[in-house]
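Throw the hints in and build the complete structure from the sequences for me.
Protein chains: 2
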Amino acid sequence: MQFAKRLDLVETSAIRELFKLLGQPGIISFAGGFPDSAMFDVEGIAQASQKVLRDAPGSALQYGATEGFMPLREELAKFMAFKGVPELDPQSLIVTTGSQQALDLVGKTLLEPGDVALVEAPTFLATIQCFKLYGPKVLGVPIDEHGVRVDVLEEMIKRHRPKIVYLVPTFGNPSGALLSLQRRLKVLELARDTQTVIVEDDPYGDLYFGEAPPPSLLALSAQVPGSREWLVHAGSLSKVLSPGLRVGWLIAPKELLAKATMCKQFSDAHTSTFAQATAAAYLQSGRMPATLNQVRAVYAKRAKTMGRCLKESLGEKISFTEPLGGLFFWARLTGANSGPTDGAAFAKSAISQGVAFVPGAPFYANDPDHATLRLSFATSDEGLIEEGIARLSKA
Amino acid sequence: MQFAKRLDLVETSAIRELFKLLGQPGIISFAGGFPDSAMFDVEGIAQASQKVLRDAPGSALQYGATEGFMPLREELAKFMAFKGVPELDPQSLIVTTGSQQALDLVGKTLLEPGDVALVEAPTFLATIQCFKLYGPKVLGVPIDEHGVRVDVLEEMIKRHRPKIVYLVPTFGNPSGALLSLQRRLKVLELARDTQTVIVEDDPYGDLYFGEAPPPSLLALSAQVPGSREWLVHAGSLSKVLSPGLRVGWLIAPKELLAKATMCKQFSDAHTSTFAQATAAAYLQSGRMPATLNQVRAVYAKRAKTMGRCLKESLGEKISFTEPLGGLFFWARLTGANSGPTDGAAFAKSAISQGVAFVPGAPFYANDPDHATLRLSFATSDEGLIEEGIARLSKA
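Residue numbers (numbering that gives the first Met the number 0), protein chains in the order written: chain A, 0 to 394; chain B, 0 to 394.
To be clear, the hints were calculated from the coordinates, so they are not data collected in a lab. Errors might be hidden in some of the hints.
For identical chains, the list gives no copy identity; a pair is met inside one copy or between any two copies.
In silico lysine-lysine, DSBU-like type, Cα no more than 30 Å apart, as pairs [as the list claims (entries may be wrong)]: (1) 300 - 310; (2) 258 - 347; (3) 82 - 258; (4) 50 - 347; (5) 316 - 157; (6) 185 - 258; (7) 4 - 258; (8) 393 - 347.
Shown next as structure tokens:
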């Protein structure tokens, strides 16, 4: 059987191979990229799902509009207002099957062979692969502890004329970095001045531990006239409510949104109406703010514990910036005190000590830094984090 | 903003324009392609969804494997056995976000510019567009009342060397035609002998009105050694249980399935686990056979009524074969007795009389027959069907 050549452009994830080892009993895993299922508001979701089947089963179980279930679009517009983007017309967002699909639709709509897409180095692995399937060259732009280096970004935009720039400005996966306010404004100016589409992926923005992060690019675009028409925003309920609902959304300029909607029609017709109606009823129930507070408090404690343990156990052998939100520590092996320098090798010896994390190299579109690693604190309580980092120091 | 050139390959559906007129009050619609929501087993689905949130909320609301929720894959393998395909390994099917996604994954995995895809003329509109986005030429193979003309298919396979042949052998949309057993076997021989991938889309196979139709191509492949490795099968719960769950599945040879799974990973990560777990619990509950019997009985009555009314009211002006299952009448305007001959023009005058249907031309990949039309009897009870056809005879 002869497959399409586009499949040659992506590799099976190196991380996948590692995940196969995770099934071993007794492993403490910092490898996942998912929220803690113990924190799902099961009661609230159960009530919401029952409500829709009681009040309007016909529409919750029937085909729906490709753009999304209108009551959910309305609730998501309100949720975006709560997140700092007021007066959003529900018609200017479509519901997607997770924000992964929002990214896929952006790729399908905009990218083709010969194009360049710029992403952060490192960035979300699935985005790199998702984009590559549409044929563009994907290049990484370096980041530091304040997020993407906008000076290098400007230079690369001018040199490569990318079709899109993909950023996770707030507590990105895997970096956990927070793009500063000043840099956010600069990104918006670059979008406008160079007429470049900026894709803001924001699944983690609500998961802050202390004070709220700077507003999203979408929220800030009002301050940079002309930037909004180059801005695409992907949101998700996965990290704050439940990934299993697969409810994400895409906000984009009108023409792009119409084309993405057409592509979605032929991708999956529409997102599960049952899941959409359940999410809408949940948001209507008013439980979300309390759920968010709860999730933030738990992750903040876990992040603090992991930071302390890493410092105590590994000291100079590892360097990192403590995250202000999200799910991840992004760290670098320094090689100090005869410590390890290769993330992948270290991951293997860590597994043999009963603790798992993900090496950082696969998160780079090109020129990987092999000394990096990603540790998630989301799914382990404080005791497990302490024990896991202790095992790590033995590895 | 510059969009990818692939978008130039598809048009906005002519049907979409028509659907905008359907919002008018009082219209009797035979235009839809969906099941009657009054027939959803709401109680059974409610019980199933509550059960999963009570028994295993963590897995129902968490991220899941791209391949699908294992208990659902197991239930779907059993359901396929019930549908005549015994001993299917659950690993040989993946769950998709509706069967639309199964088709999209087939396209993404196999089709590229320069390829040819053969489809029935007429065929499911969204398949034509879905495939076209991946660049192939899509050509129609004529059908008659026994389904696709296998003699012409053989000739076209030899002439065009298509990458895939897409068929809806059982009560296809829009034709409602049933591929005969003899032709099914011939299709399987063609697959094997010409090494051509055959995609069998089977959302309607369970909706038969009298005796069961011939076995699916997948079921029959055991009788044609060597055919199975060229056979892809897409299934769906949309027409028999609920479209809003968006639960479909894809069965394919191992290597193809692995590549489709990779593509799915970057399309939407996985199908809603909540919807999947609900579907699994529903299938486990044992209610499906009774649901199917109920749905078949209701649609059979409606189909009979529509057939009788069409004959009584339009007589010679229209020709059609009475469907033995599915949701559709496929008819042709004969022009007899000064009757209409253009489906699109007739659809417009029908709307002005308060009844809607879909003209047939858009269902052709090429060389449309403008005299055709599709009438769905699924969502109207007998009284509405009588009234609707009476209005049609006035139009």
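Homomeric proximity label, residue 4 with residue 258: Cα distance no greater than 30 Å: For residue 4 and residue 258, the Cα distance is within 30 Å both inside one copy (24 Å) and across copies (12 Å).
Please work out whether the CA atoms of residue 50 and residue 347 approach to 30 Å or closer within one copy, between two copies, in both situations, or in neither? neither (48 Å within a copy, 40 Å between copies)
Using 30 Å as the alpha-carbon threshold, which applies to residue 185 and residue 258: within, between, both, or neither? within (28 Å within a copy, 40 Å between copies)
At most 30 Å between alpha carbons: which applies to residue 393 and residue 347, within, between, both or neither? within (12 Å within a copy, 76 Å between copies)
Is the C-alpha distance from residue 316 to residue 157 at most 30 Å within one copy, between copies, in both cases, or in neither? neither (38 Å within a copy, 65 Å between copies)
I want to check one pair: residue 300 and residue 310. Are their C-alpha atoms no more than 30 Å apart within a copy, between two copies, both, or neither? Classified as within; 16 Å inside a copy, 73 Å across copies.
Up to 30 Å between alpha-carbons, please classify residue 82 paired with residue 258: within, between, both or neither. Classified as within; 26 Å inside a copy, 38 Å across copies.
Please work out whether the CA atoms of residue 258 and residue 347 approach to 30 Å or closer within one copy, between two copies, in both situations, or in neither? between (44 Å within a copy, 27 Å between copies)
Hint compliance for this structure: hints 4, 5 are not met, and every other hint is.
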